[in-house]
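**Q** Listed here are the chains, written in short residue letters.
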Amino acid sequence: MSVALLIVDDSGFSRKAMLKSIPEGWDVNITQAANGEEALEALRNGLGEVVLLDLTMPVLDGFGVLEGIRDEGLTTKVVVVSADIQPKAKFRVMSLGALAFLQKPFNKESLAATLAECGVYSED
Amino acid sequence: MKIEPLNEEENEILQEVINIGMGQAGASLAKLLDVFVNLSVPRVSWVNDEDFVTQVGQMVEGSGEHWAGVRQAFYNQLEGEAFAIYGANGCQQLSGLMGYDESEGMAQEELLLDVTNILIGACLMGVAKQIGKQLDFAAPNLVGIDKPLTELLYSRDREWDQCLLIEVNFCLEEGDFSCHLVMLMSEASIGQLRSGLIEFMESY
Numbered sequence: 012m013s014v015a016l017l018i019v020d021d022s023g024f025s026r027k028a029m030l031k032s033i034p035e036g037w038d039v040n041i042t043q044a045a046n047g048e049e050a051l052e053a054l055r056n057g058l059g060e061v062v063l064l065d066l067t068m069p070v071l072d073g074f075g076v077l078e079g080i081r082d083e084g085l086t087t088k089v090v091v092v093s094a095d096i097q098p099k100a101k102f103r104v105m106s107l108g109a110l111a112f113l114q115k116p117f118n119k120e121s122l123a124a125t126l127a128e129c130g131v132y133s134e135d
Numbered sequence: 172m173k174i175e176p177l178n179e180e181e182n183e184i185l186q187e188v189i190n191i192g193m194g195q196a197g198a199s200l201a202k203l204l205d206v207f208v209n210l211s212v213p214r215v216s217w218v219n220d221e222d223f224v225t226q227v228g229q230m231v232e233g234s235g236e237h238w239a240g241v242r243q244a245f246y247n248q249l250e251g252e253a254f255a256i257y258g259a260n261g262c263q264q265l266s267g268l269m270g271y272d273e274s275e276g277m278a279q280e281e282l283l284l285d286v287t288n289i290l291i292g293a294c295l296m297g298v299a300k301q302i303g304k305q306l307d308f309a310a311p312n313l314v315g316i317d318k319p320l321t322e323l324l325y326s327r328d329r330e331w332d333q334c335l336l337i338e339v340n341f342c343l344e345e346g347d348f349s350c351h352l353v354m355l356m357s358e359a360s361i362g363q364l365r366s367g368l369i370e371f372m373e374s375y
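Quick mapping for you: the protein sequence lines, in order, are chains A and B. Note that the first sequence covers residues 12 to 135 in my numbering. Note that the second sequence covers residues 172 to 375 in my numbering.
Don't take every hint at face value.
Unchecked claim - FRET-style restraints, in silico, Cβ to Cβ:
#1 B/Y246 x A/T86: 49 to 59 Å
#2 A/K31 x B/Q226: 32 to 42 Å
#3 A/S133 x B/A309: 14 to 24 Å
#4 A/F102 x B/A278: 23 to 33 Å
#5 A/G36 x B/E236: 53 to 63 Å
#6 B/E232 x A/E52: 29 to 39 Å
#7 B/V224 x A/F102: 34 to 44 Å
#8 A/S133 x B/S326: 28 to 38 Å
#9 B/Q305 x A/T86: 46 to 56 Å
#10 B/G362 x A/W37: 35 to 45 Å
#11 B/A309 x A/N118: 30 to 40 Å
What the hints assert, rightly or not - With a cut-off of at most 20 Å between alpha-carbon atoms, the simulated PhoX-like pairs for lysine-lysine come out as follows:
#12 A/K99 x B/K318
#13 A/K119 x A/K27
#14 A/K31 x A/K119
#15 A/K99 x A/K119
#16 B/K202 x A/K101
Derived by calculation from the structure, the hints in this document are not laboratory data. We treat Cβ as the ideally placed atom computed from N, Cα and C, and that holds for glycine.
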């Protein structure tokens with residue numbers, strides 16, 4: 012059965028880059044969101060078993076999304092994909108329940124490796 | 172010569188490339204000051220010489236009427252000028268964060284130059300590296316402390332009519348220190364920028 016994958020980034024270019032970098036052969040059903048509010052809405056509707064989440068966004072940022080997931084008790088697996096490479100940013104998202112932190116710029120290989128590490132995708 | 176402004180797609184790629192540069196600059200600032208830095212969504216616009224100061228004014232709105240400003244020129248395949256704009260008491264705030272003695276006026280100014288050098292360097296080098304372009308920097312110089320924007324941004328020898336204006340800002344989670352980075356890229360380097368952005372896009 013296909014996995015509901017939610018891609019959250021305010022940059023249309025960045026969402027496209029993520030779409031293109033998703034491992035071939037991974038059976039996913041993709042939804043996109045351009046800010047944190049849209050992301051939470053999609054999650055409430057069950058559209059994000061796995062989330063690729065940016066941090067710096069207008070309306071509601073990625074930290075806010077992680078807090079929303081925690082406060083509303085939403086079940087999902089979050090991989091943060093961000094250019095905010097402060098060690099404290101990584102520490103915070105991990106404390107808020109993210110499974111992994113992938114630095115931008117990423118590529119096909121680093122995305123596949125991160126998804127595999129989290130156990131949401133298997134390379135074979 | 173009339174230069175085509177960046178189209179919507181090119182603008183989007185540029186914003187993402189700047190986002191990555193800004194992330195690197197923010198991490199450098201966080202490390203230097205041992206604080207958490209909140210990053211902004213980068214803003215990009217096409218401006219002409221006359222309304223550039225007005226546009227920057229709108230971008231830094233809410234930060235008071237007087238600022239401290241440091242200017243740093245960059246050149247090579249990309250060229251232009253970058254400004255770091257701090258609140259009028261940015262100097263003291265930075266010194267406080269670094270544990271400097273208040274009486275050390277000279278040291279405070281040097282600190283402002285050093286921090287600017289780190290921020291602009293990390294941000295623009297991050298951009299240049301991703302799009303495969305060469306970039307060099309002149310030494311930063313302090314334009315003024317406690318001055319209005321018109322004075323800080325004035326330049327007698329600016330030769331462009333139109334240019335690309337890029338703004339990002341950093342603020343600390345605690346305390347009211349904040350810094351806007353304003354970068355102007357000249358018409359002459361838009362061609363280089365464009366080719367680099369397209370190459371970056373095609374890498375995905």
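**Q** Run every hint past the structure and note whether it holds.
**A** Consistency of the hints with the structure:
no.	hint	in the structure
1	B/Y246 x A/T86: 49 to 59 Å	53 Å, holds
2	A/K31 x B/Q226: 32 to 42 Å	34 Å, holds
3	A/S133 x B/A309: 14 to 24 Å	52 Å, violated
4	A/F102 x B/A278: 23 to 33 Å	32 Å, holds
5	A/G36 x B/E236: 53 to 63 Å	58 Å, holds
6	B/E232 x A/E52: 29 to 39 Å	30 Å, holds
7	B/V224 x A/F102: 34 to 44 Å	40 Å, holds
8	A/S133 x B/S326: 28 to 38 Å	57 Å, violated
9	B/Q305 x A/T86: 46 to 56 Å	49 Å, holds
10	B/G362 x A/W37: 35 to 45 Å	39 Å, holds
11	B/A309 x A/N118: 30 to 40 Å	34 Å, holds
12	A/K99 x B/K318	34 Å, violated
13	A/K119 x A/K27	13 Å, holds
14	A/K31 x A/K119	8 Å, holds
15	A/K99 x A/K119	26 Å, violated
16	B/K202 x A/K101	14 Å, holds
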